[in-house]
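Peer 1: So you can see what is in the structure, the chains are spelled out below.
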Amino acid sequence: MSPLPPHPGSKPQVSGLNCPKCGGSITLRALGQASSVVCPGCGSILDAKSPTLNIIQTFQRIVSSDPPLIPLSTRGKVRGTDYEVIGFERRTITAEMVDYHWHEYVLFNPYKGFRYLAEYQGHWNDISICKELPVAVSGLSTTARMNYLGEIYRHFQSANAKTDFVLGEFPWQVRMGEQANVTDYVHPPRVLSQEQTAGEETWSVGEYLSGRDVWKAFNLPGNAPAAAGVYENEPSPFGGNLKTVWKRFAALACGLLAMMIGFNIFAMNSSVFQRTYQFSGGDPRAEASFVTNTFALGGRASNVEVKTSSQLQNNWIYLNYALINEETGEAWDFAREISFYSGYDSDGSWTEGSHEATVVVPSVPAGQYYLRIEPEADAGHSPINYTVEVRRDVPVSSFYGIGFLALLAPAILLTWRSVSFEKSRWSESDHPIFPRLTEGD
Amino acid sequence: MFRQIYILYGLLVLGTVGYAQYRGWSLDSMDQVKNVPRSVRDNPGSYRSVYSGYHHYTGGK
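Order-wise, the sequence lines are chains A and B. Position 186, counted from 1, in the first sequence is what the numbering used here calls 186; the numbers after and before it change by one each time, with no gaps. Just so we're on the same page, the numbering used here is the position in the second sequence counted from 1, plus 1000.
Chain B extracted, bound-state conformation (with noise of 0.2 Å):
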């Protein structure tokens, strides 16, 4: 019974990699935004990210 799962299971791994990779998934964080206004291509500080997932590490030992 498990080797029957595990193939299906295992299968069904394989067609998720496959699809992730196929339709361009990706394991990064964002946000995204709609209508987003033509004038920020004239105006670039009209705009303010809302993304605030990244940590802003400013480092050194």
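Chain A extracted, bound-state conformation (with noise of 0.2 Å):
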């Protein structure tokens, strides 16, 4: 598939022909340029360099049950410059038993030769034949790469095309039937495709498009048909993020650490109330609760810590606790219990529980406070000894926690949704990430 050199200069040439065969008219509009042309009329690919056009191949006429999307003659813009379509060919690959059809489109322009679109289930690519020649790059890849203009392509599959129906003008000669080995290397989203007959080897290069671009760039009416999976060399929505979100994660996880760190050293921590209880087993009747001293809490609205630590053994302790602003009569109500279990079975040594317990009421304000304590226990249980500790402004690392997953959920999700594109991506390939499972698997 070598076009010819455009002609710079020269006008572009039509010319009406008859078919030798059916006497049907031909317009050849590569005049000079193509090599073969279709008959409309019966299908016979005649020689288009020939003045009298020569029948290369004569075959029963095929009505093609997929049509070109893009008739031909049709005009479009193709990188600013404007391609007519004049040649159409359908070609095949069978695997596992499977026929695989994509479709290529004969673009030309008198002053700048011709260039290619091929189909392939919605997925488009511009293709132009290589300005020179990839170069085998050498490694340690269990794949076959290939440099071409600076850029490593990676193999992606090999297979027989064979070219099954035809349609127009081509700058090569043309044969139904005609048999090419293709190979396919891929830089998304480009694509490098090498394609060997008997006595020719062509390297082509391709670019991938959208339909809706293609539909644009021809003025097609309706909707380009919805590309089906994903292709070869179909850019990933999600791979050029992926780098880029990874290094802003470590970015803003080194932010959160920086604002922990920071709040760990400037937060005020600071103890103002601490004293040890005995709740006693007495009479269970008696009221257990009771108030602490008051004590002040300064600084702006913040958090305070109310911990609360037992050295129990086998026992639990329940502690109502109302932190009360002796003021206002603001007041918040929370519980924590202490309990601590140990003893000894057949799995050996065991513990459950803690010996204490802590909890962070949030942005108290400043003022003088007390706590109200109500201690429960089973009924007539040992004295208990328990120490509550109030701190104003504590860290609370949690939070820390949580933003460091908050800020990790977008970054796994990406790559999760980067890894299942190529992954679908590679498992039509001859080297697919996650091989295929196949009978007796």
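None of these hints come from the bench; they were simulated from the model. Some hints could be false.
Output of the computed footprint for chain B on chain A, the stretches with three or more beta carbons under 8 Å from beta carbons of chain B [said to hold, decoys possible]:
1) 103-117
2) 186-193
3) 243-256
4) 333-342
5) 352-364
6) 403-413
Positions of the beta carbon are idealized from the N, C-alpha and C atoms, including for glycine.
Take the two lone chains and join them into the complex the hints point to.
Peer 2: Structure below.
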């Protein structure tokens, strides 16, 4: 597939001829540059270089079940240049007894020459012949790689492609049933294709286009068919973001860490009250509740930590608390239990529970406060000693944990979606990321 | 686009964490009561806690 070089300054030439087989009229749009043309009447492939249009190949007219999505002679603008669709072919590869078809459109501009559009299940590529020969990259990689214009392309798939439908003009002598070994290397959004026939090797490079772009370029009616699945060189909507997002996650996590260190250094974290009490197992009908001395909470409205600790063993104590502002009567009600059990069984020694419990009261304004404490325990329990400590403006580490997870979640989600996208892409290649299960697996 | 949204989102997370820490927010559950009478100080038994959010566990293996 070697297009002739364009002839700068030459005028576009269109010629009307007749098919030597059926007599039907043929219009040659790329006169002098097309090598073959297909008679629209009988489907014979004719030599466009020959003045009498010698017949190259004849066959029974095939009525294609999938006509070109872009009709021949449609004009459009590709990368700023006007092109006309002059040829169309359908090619097929067979893998695991399944035929996969794609379509190629020959575009022609009398001053710029030929370029091609390829379409597979709604995915499009703008293809041109390589300007220089790609170079194989040697390395430890298990898949072959090619270097083209400084970009490394990774081997995707090799297959034998057969041409099974042709229409219009071609810059090479097209043949129905012609076979070529096609090897694709990808570097999304580009694909490097090598085509080998008995006597020829051609390299072309394609760039992914969306159907919407093609429809817009050729001003086609309606909407482009929706793309199915992930195509070999389809740019990942996540890939470009991935590295940046992880870098930003690292920067934000560092910011979070710095914030935690800063608050740990500058938080008041001062003990404003501490006292040890005993809950005796006296008369269970006696009123257990009591109040503490008042203590001052200074500074701005910030949190207050109430920490209860007790060295009880195989026992529990439940404490109802109310932190009450002596002046305003505003109160915060909460409760904590301390229970600690230990023992020994067939699994060895075990412990359960804790010797302390902490609660953080939110946004408490400055003022004079006291605690009302109402302890509960098993009836007839032995005396339980417990200590209550109140601290003002303490760092809350769980905020940073939640913040870290909140930063991490989108990065993980993006990575997962990116991996899923790449998995879909490579599942159709010769190198699936997760090999497909075959019968017997 | 996602990158810009992510950095804005990340800054929002940092701002929220910083604000929560500065304002003294808490993840613990509790009830807030207004106008507790001053008499509670002299008669603690007259106050009845409205709090019921903490699981009262009496465990042991």
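Peer 1: Against each hint, give a clear statement of whether it holds in the structure.
Peer 2: For each hint, the structure was consulted:
Counting residues of the region 103-117 of chain A whose C-beta sits closer than 8 Å to any C-beta of chain B gives 0, which falls short of three, so the coverage hint is violated. Coverage of the region 186-193 of chain A by chain B is violated [criterion: at least 3 residues with CB-CB distance below 8 Å; count 0]. Coverage of the region 243-256 of chain A by chain B holds. Counting CB-CB distances below 8 Å, 7 residues qualify, and the rule asks for three or more. For the region 333-342 of chain A, the proposed coverage by chain B is satisfied: 7 residues have a C-beta within less than 8 Å of a C-beta in that chain, meeting the threshold of three.
With 8 residues having a Cβ less than 8 Å from any Cβ of chain B, the region 352-364 of chain A passes the three-residue criterion, so the hint holds. Check result for the region 403-413 of chain A against chain B: holds, 5 residues qualifying (beta carbon to beta carbon below 8 Å, three or more required).
The structure fails hints 1 and 2 (numbered hints given earlier, in ascending order).
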